[in-house]
Amino acid sequence: MLSVVVFLPLAAAAVLAVARRLPDQGARWSWLLITVADLALVVAVAVRYRTPEDTAAGGGGLAFEERLRWIPSVNSSYHLGVDGLSLPLLGLTAVVFCACAVHALREERRPRAQAALFLFLQSVCLGTFVAQDLILFFVFFDLSIVGMYFAIAGWGHGNAGRSAMKFFLYTFLGSLALLVGFIGLFLAADPHTFDIPELAAAMPLADSPIVGGLVLAAVLVGLAVKTPTVPFHTWLPPAHTDASAIGSAVLAAILLKLGTYGFVRIAMPLLPQAWQAWSWVIIAVGVVSVLYGALVALAQTNVKRMIAYTSVNHMGYVVLAVGAAGLVGSGEQARELAVTGAVTQMVSHGLITAALFLLAGVLQDRSGTYEMGEYGGLAKPAPRFAGLFAVAAFASLGLPAFSGFIAEFQVFTGSIGATWVAALALPGILITAALFLRAIQRLLTGPTVGRSIGFTDVRVHEALPIGGLLVLSLLIGVVPGPLLDLITPGSQAVVGLVSR
Amino acid sequence: MNEDPVALLPELALLSGAVLALLSGSFLPRQRQWVARLIAVAALATAGVAAAVALGGPTMTVFDAFAVDTGSGVARLVVVSATLLVIGLGVDELAGDKRESETYALMLLAALGAVVMASTNDLLVLAVSFLLASIPLYGLIGMPRSPGSAEAALKTYLLGALFGIVLLLGVTVLFGVGGSTAYSRVASGLQTAPAAAVAAGFLGVLAGLMFKAGGVPGHFWVPDAAQASSTTAAAFLTTVPKVGALVAAYRLVSVLPDSVDWRLLIAVLAAVTMTLGNLAAFAQADVRRLLGWSTVSQVGYLLLPVAAMGRGDGALPSLLLYLVGYAVTNLTAFAVVAAVHERRTVDDYRGLAAAHPWLAAALVISLLSLVGTPPTAVFVGKLTVFTSAWDGGLAWLVVVSAINTVASLFYYLRWIAPTFRSRSSSATDGRRPYASAAAVIAGGCVLGVGLAAGLVLTLADGPLAP
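Chains as they are written, first to last, in this note's numbering: chain G, 1 to 500; chain H, 501 to 966.
No wet-lab data here; the hints were simulated from the structure. Some hints here could point you the wrong way.
[Claimed, not checked] Simulated pairs of lysine to any residue, SDA-like, Cα-Cα distance not exceeding 20 Å:
#1 Lys380(G) with Arg500(G)
#2 Lys166(G) with Val906(H)
#3 Lys166(G) with Ala854(H)
#4 Lys380(G) with Gln364(G)
#5 Lys166(G) with Ala907(H)
#6 Lys166(G) with Ile145(G)
#7 Lys598(H) with Gly648(H)
#8 Lys166(G) with Val846(H)
#9 Lys166(G) with Asp724(H)
#10 Lys166(G) with Leu143(G)
#11 Lys598(H) with Pro529(H)
#12 Lys598(H) with Leu522(H)
#13 Lys166(G) with Thr234(G)
#14 Lys380(G) with Thr456(G)
#15 Lys166(G) with Arg914(H)
#16 Lys380(G) with Ala463(G)
#17 Lys380(G) with Arg451(G)
#18 Lys166(G) with Gly648(H)
#19 Lys166(G) with Arg921(H)
#20 Lys166(G) with Arg850(H)
#21 Lys655(H) with Asp724(H)
#22 Lys166(G) with Arg923(H)
#23 Lys380(G) with Pro489(G)
#24 Lys380(G) with Pro400(G)
#25 Lys380(G) with Leu424(G)
#26 Lys655(H) with Thr681(H)
#27 Lys598(H) with Pro644(H)
#28 Lys598(H) with Leu631(H)
#29 Lys166(G) with Trp70(G)
#30 Lys380(G) with Ile453(G)
#31 Lys380(G) with Asp365(G)
#32 Lys380(G) with Gly454(G)
#33 Lys655(H) with Phe720(H)
#34 Lys166(G) with Pro529(H)
#35 Lys166(G) with Gly154(G)
#36 Lys166(G) with Val864(H)
[Claimed, not checked] So the derived list for chain G, only partly shown, Cβ under 10 Å to chain H, looks like this:
#37 Trp29
#38 Val47
#39 Tyr49
#40 Phe138
Predicted, not measured: the structure shown is a model, and the values here were computed from it. Even for Gly, the Cβ is constructed at its ideal location relative to N, Cα and C.
Full structure from sequences and hints, please.
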C-alpha cells in the first residue's frame, strides 16, 4: 500500500518524461489526476490507520509496514511504515502537491516537464516520510534536493540559476554531514544496521557521550541546514525569492519538513542520551531562530523574502519544542505536549505557508515584482486576493481558530512547562503579528497606487488551491481532535524513547 | 598438481587476442583497422564469459601459481569489462589512428598482466605479472608522441623500473627467508623467519604493488600520465592496473606472520594516500589531472579492506565490491571526458548541461559516486570498506577516511558547478557518439551497481584459494 502511494507519482513522472507527443493540456490534467489519485490513496491509508499496539516495544509501532531485503550485507532493507508522526506529514504532502497541480493548470512554460518533475518530487518527499531505513531515508532526502534544484533553476525567475546552485550546494553539504552521522550510527550499532526501529531499540552510542555527541552533531547539522535554523538559513531567502510560486510552496511546505521530521524520527529516538545532553543547545538555536527570523522578516520590503523569513521563525518553534522535549527532569506531559505541538506546527506551517507563497506568486504573475512599496490599496481592484491574503496572514500569525494557533499554543504550553527559557521566544509571536499586519496595510489598504492599478484579481485555478489550503487550516483550528488523536500516541512514543 | 589449462581460459583468450590484434593490424590498411578492434572485443568477450563460468565453479589452484577463486574471478570480470568499456569510450579517438591495433594489443597485454597479478599465488609469477602489466603501459602513455606524453612516459618508465627492482628485491628476500615462492609454503616459512627480514621483503613487494595501484609512495606517475596520454590510455591506466595490484596486495598480506605489524603499515599508507590525493586534487584545473589525483585518493580507501584482512569476513567482499564500483564510476567520468575532449579545464565544462544533458547527468552521477553519495556504486563500496575497517579495529582510519570523503566533495563540486552554468562562448563540441554512449551506459551502471549492491556482494562473497 505505502509503496503504491510513494511510487505512483514516480511511475507517472517516468511516463510523462518520455511521452513527447502528449499535448500540454493533457500533461497538466494528468498531473492533477495523479495527485488526486495519490491523495485518495493517502486518505484511504489514514482511514484504515489504527494506532499500532506495540508502541512500548522500543521503536514505536508502525502501521502498513513493508520490508524487503535490499543490501543484506550492510543490513539495509527497503523498510516502509507509518505512525502518528509521519501520517499527518504524508497527508500534508499529498494535499500540497495536489494544490500545486491545480495552481499550475495555466502554466505555459514546459508544462509536461514541470509535471514530471513535481511528480518525481512528490514521490521522494512521500518516500522520506515513510522510510524506516536510514539509507532509504537518505536516498529520498538527497533526491528531493536534486529535484528542487531543477524546480528552481528550470522554472524560477530573476537570478534563478545562482539561487538554485546556492540551495543545492548548501543543502547537499548538509546532507553529507547527515550521511556521516548515519554511518556513525551504523558502525556503532552491534550488529551493524541501518534499520531505524532496530537502531532505536539498540540505542548505539548510549555509553559513549563524546562519540554520541559528535554523531548527533553531524546529524543535527544536516537536519538544521534543511530545516533551516539560524545560522544555516542563508540559502532560504534567495531560493524562495527566485523560485516559481509552486516551487516555493513545495519548498516551504514540504522540503523544510524533511529536516524537522528528521529530528523526531531519527535524532531523538536514536540518540536519546546525546539529545538530552545537548537539548539546551537545541533550545537556544530554536529561540534564536524564532526571534531572528521574525526580526529579519520585519525588516523586509519584499513580500516573498518576508514570508521566507517567517518560515525560519515558524521552524524555530518546532526546534524549540523538540529541544524542550529532551529536558528529562521536567514533566513528561509537558514534553509530550511540546512534541505534539511541533508536529502540528509542521502540518500547519505547510498548509498556511504554501497558501502564502501561492498568493505571492499571483503578485509576480501580474506585475513581476514582490516589492511591497510598488503596491497599495490592492483591496479595491482585487478583493478576492485581499481576502485570501488577509486570511492567510492571520492564520500565519497564529490567530485562534486556525491551525497555527493550536500548534503554537501547544508548543509554548509544553515548552514553557518544561523550562521557563522557552518564554524568551514569546516576543516572536508579537513580531510576526506586527509584520503581517504591516504587510496587509502596505499591500491591501489605502488608495490604489502603483502597480495595484489594473491588477487582475485571482482566477479560479489560483483561488481554489489557496482557498482549499486555508479551509484545511481552519478545519484543523476548529476541530483539532482527530489530528491530535493521531499525533499524540506518536509523540508519547518519541518522548518515551528520548527519555531513556 | 592441477595443470588444467581450461582453468586459465580467460588469460589465454586475452593473450591470443593481443597477438592476433597485433598481427592483423600489421597487415591491414589503416581504414580497416576495425578488424583488430573486433578481434580485441571478441577476445575480451570470450575471456569474460569464461571468467563468469569459472566464478560459479569450484575454488582451486592451478599450476601451483594461479588461484581460481572469488578474488581472481571478480578481478577477471572487472578487468575484462573495464577494458571493453575503455575500448568503447576510445573508439572515436582511436579509429583510423596510426597505431590503433597496437593500442588494442597493448591494452590486452596490460589487462592480462593485471589479471595474472590478481590471481597469482606465487611471488615469482607476481614479479612477472608486474612486468607484464607495466611495460605495455609505458607504450600506451607515450603513444600520442607529444612533449607531455613523452615526459609522462619517461617518468612512468623510470619509476616503474625503480619499483620493479624494489619488488624483485623484496621477492628475493621473502624467498630467502621463507624458503619458497608459493604463498602456501612461504606462509609457514615466514612464521619462524626474523621479523626484520620479513618486513624488508614485504616492504619491497608492497612498494612495487603501490606503484601499480598508484598509491603512495609509487603515485607520482599517475597525474602526469592521466593528463598527457590519450583519453583512452588515461581511462585504462587509472582503472585496470589498480584492480590487479589491490587484489594482489590482499593476497600478499594474507601470508604474512603476526611478527610484522603490516596492518599498521597498510593503514598508514592508506591514510597518507587518500589525504595526499585529495589535497593535490584541490587546486587542479585540468579535469584529467584532477581525475588522476582523485584516483590516487581512491586507492587510499581501497587499502582499507587490505588493512582489515583477516578480521571479520567482510574484508574481501568489500574490496571486490569497491573495485567494481570504482572501475565503473571512474570509467564513466573518463567517458564523459572523452566525449567532450575539447573541454580540457574545469571552466571549459560551463554549459555542458545545456548542450549535452545526458552527458552532464552521467558526469554528475559519476562524480557524486566518487564522493560516495547514495545510491551510487562507490557509496556501497565505501560503506562496506568502512565497515570492514571498523570491525578490523581501525576506527581511527575510518574517521580519517570520513574526513577525507567530506573534503573530496569540494573538488568534485568544483567540476560539477560549472556544468550547470551558461557558457559564454558558443563553441560546439565535436561529435563522439561511441564515447557518449559509453558514458550514458556506464552512468546507468553506476546507479545499477549501487542499487543492486546486494547482488554484487553475493557474487563477491567467497573464500580465497589456500
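Each hint, compared with the structure:
1. Lys380(G) with Arg500(G): violated, 58 Å
2. Lys166(G) with Val906(H): holds, 18 Å
3. Lys166(G) with Ala854(H): Between Lys166(G) and Ala854(H) the Cα gap is close to 19 Å, so the pair holds against 20 Å.
4. Lys380(G) with Gln364(G): Roughly 18 Å separates the two Cα atoms, so the pair holds.
5. Lys166(G) with Ala907(H): The hint holds at about 18 Å.
6. Lys166(G) with Ile145(G): Distance ~11 Å between Lys166(G) and Ile145(G) Cα, so the pair holds.
7. Lys598(H) with Gly648(H): It holds: about 19 Å lies between the C-alpha atoms, which stays within 20 Å.
8. Lys166(G) with Val846(H): Judged against 20 Å, a Cα distance of about 19 Å means the pair holds.
9. Lys166(G) with Asp724(H): violated, 34 Å
10. Lys166(G) with Leu143(G): holds, 16 Å
11. Lys598(H) with Pro529(H): holds, 10 Å
12. Lys598(H) with Leu522(H): Distance of about 13 Å is within 20 Å: holds.
13. Lys166(G) with Thr234(G): holds, 9 Å
14. Lys380(G) with Thr456(G): With Cα atoms ~11 Å apart, Lys380(G) and Thr456(G) stay inside 20 Å; holds.
15. Lys166(G) with Arg914(H): Holds, at roughly 13 Å.
16. Lys380(G) with Ala463(G): Holds. Lys380(G) to Ala463(G) sits at ~17 Å (cutoff 20 Å).
17. Lys380(G) with Arg451(G): Within the cut-off at roughly 13 Å; holds.
18. Lys166(G) with Gly648(H): Violated: Lys166(G) and Gly648(H) sit about 38 Å apart, past 20 Å.
19. Lys166(G) with Arg921(H): holds, 12 Å
20. Lys166(G) with Arg850(H): OK: Lys166(G) and Arg850(H) at ~17 Å, within 20 Å.
21. Lys655(H) with Asp724(H): Within the cut-off at roughly 8 Å; holds.
22. Lys166(G) with Arg923(H): Between Lys166(G) and Arg923(H) the Cα gap is close to 19 Å, so the pair holds against 20 Å.
23. Lys380(G) with Pro489(G): Violated: Lys380(G) and Pro489(G) sit about 48 Å apart, past 20 Å.
24. Lys380(G) with Pro400(G): Violated, at about 27 Å.
25. Lys380(G) with Leu424(G): violated, 40 Å
26. Lys655(H) with Thr681(H): This hinted pair is violated, its Cα atoms lying about 30 Å apart.
27. Lys598(H) with Pro644(H): holds, 10 Å
28. Lys598(H) with Leu631(H): Cα-Cα ~26 Å, so violated.
29. Lys166(G) with Trp70(G): violated, 33 Å
30. Lys380(G) with Ile453(G): Judged against 20 Å, a Cα distance of about 9 Å means the pair holds.
31. Lys380(G) with Asp365(G): At roughly 18 Å apart (the allowed maximum being 20 Å), Asp365(G) and Lys380(G) satisfy the hint.
32. Lys380(G) with Gly454(G): holds, 10 Å
33. Lys655(H) with Phe720(H): Holds - the C-alpha atoms of Phe720(H) and Lys655(H) are around 8 Å apart, at most 20 Å.
34. Lys166(G) with Pro529(H): Between Lys166(G) and Pro529(H) the Cα gap is close to 54 Å, so the pair fails against 20 Å, i.e. violated.
35. Lys166(G) with Gly154(G): holds, 14 Å
36. Lys166(G) with Val864(H): holds, 17 Å
37. Trp29: violated, 27 Å
38. Val47: Constraint on Val47(G) not satisfied, violated at 33 Å.
39. Tyr49: violated, 29 Å
40. Phe138: At about 5 Å, which falls below the 10 Å cut-off, the nearest Cβ of chain H leaves the hint on Phe138(G) intact, so it holds.
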